[in-house]
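If you read the protein sequences in the order shown, they are chains A and B.
Residues in the first sequence are numbered consecutively from 3, following the numbering used here.
Residues in the second sequence are numbered consecutively from -6, following the numbering used here.
Treat the hints as calculated values from the structure; they're not laboratory data.
Each hint can be trusted.
Mimicking SDA-like on lysine to any residue, the simulated pairs with C-alpha atoms at most 20 angstroms apart in a straight line are:
{"id": "1", "chain 1": "A", "residue 1": "K81", "chain 2": "B", "residue 2": "M209"}
{"id": "2", "chain 1": "A", "residue 1": "K76", "chain 2": "B", "residue 2": "Y206"}
{"id": "3", "chain 1": "B", "residue 1": "K11", "chain 2": "B", "residue 2": "D230"}
{"id": "4", "chain 1": "B", "residue 1": "K113", "chain 2": "B", "residue 2": "L246"}
Only a predicted model underlies this, so the values are computations on that prediction, with no experimental measurement involved.
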Amino acid sequence: MDKIIEIENLSYSYPDGKQALSDVNLAIGIGETMALIGPNGAGKSTLLLHLNGILRSDGTVKVFGVPLEDRSLKWVRSKVGLVFQDPDDQLFSPTVFDDVAFGPINMGYSADEVRGRVAQALKWVGMEGYEGRSPHHLSVGEKKRIAIATVLSMSPEILIIDEPTSNLDPRAKWELIELLKRLEMTKIVASHDLELVKALCERTIVLDEGRVIADDSTHRIMSNTPLLQAHGLAPPRINGVQAQGSGQGPLPNG
Amino acid sequence: MKHGFLDRYSDLDSFIHKLDPRTKVITTFAFILVVVLTPPTRWQAFALYFALLASLILLSKLPPLYVLKRSLVIVPFVLMIAIFIPFFRPGEVVGSYNIWLWEVTVTYSGLLILWNVIVKAWLSILSLIVLSSTTKFSELLKGLEQLRMPKVMVMILSFMYRYIFVLVAEVIRMKQARDSRNFGGKRMWQLKTIGNMVGTLFLRSYERGERVYGAMVARGFDGETRTLSNLRFERADLYFGIGFLVCLAMIGLSTLLYL
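Just need the whole structure built from these sequences, with the hints factored in.
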């Protein structure tokens, strides 16, 4: 079995009836680095939440061939590490140590093992010595790294990250990209930051209105400008003249 | 933004800061208990309690003015509750005043109770300030947990500590956005706007709660909270604990013997 995640006929609608995912089929191989791109509201985050069973609905999700159901939930969550977009959601403990230790403790490791894993995870993200700090004293970039460490400490087989570069300045962003490159497990990155996608991922999936629109190599998707434009991922075509507020009246002046 | 108002000075380095949080929690609560149980007429005892706290403050290198200032926060609350006692308490009358159609009398025993409430509340809050300024909040939580405080309570406190700063930042951002659009106009309109902001804040917090829960579940949370403790009682804890409790007992007992 060389597929790490298989999704078949997955559909999901929000409690208010709005369709978020319709009939998604997807397979991700071991060791792949895949980007999930799409405009705001395309269903990227919703899809990610299905991959470790936080959301469940029609269709099947299999991890290493094991279907996601109540019995397998705990096991799946130890294999699939999900990093949320807002590090203030991901980091909920009074200290960095408690947060990075949260997963391993829940998995039932011994105290020594937990300490070792916390130290190792913080080392991977370059944040050694931050154990005793409080999350509200950290910068956004530092918080993002710690958020990744909270998942790495569980040594997942697959790392799923939602918008890793949002709110980061270019330097912090490129440092984070380098960090992600060094991590060797399977990765799924949801983003609409195309620079990140080009630098990190071999394969790209375009999602819009809950449907998989395209599934190809990153290179081919990135050179398909009409596709990107049609799904809000590239600047709109400029028709010879300056494309300025077509259909709108003049802006108020003073 | 700088947030230090909950456990400011808790990263100083002193003998008191190094004690195990459990020692500090136990001695603080013993202190409050003894203070509350001391008869109100023993003012010498209260002076001694204060001296005991003052020496702790000096030992812990906290700026005395800061501690004093913070402790005054409690005064309005206590006054609001206790200010009417002297007027309603029956007993020997100190003075009687006519306010419009009302005859108001103040009694000695009423005044005594008022002083008693204020002094005890103030000493208690002073001891809590010493506790919270010499102990990191996270350590305090660990201590409370080890002392068998219900885990749900510890968790609520922990989330409060973590998210109060996030909430404050959110409020400040909303306020800035409001003021940048020339907030003004009629009073009713202002009140309505503030009401909307409070509602928005509640909804945002509620949604954040759901996302945080998702992040917990994603890391194997199943309703049971587990933490690692690295707390250890040292010899200093033993000496301090015994020394403090003996002092406390001596002051408390001396008041009983005087009676």
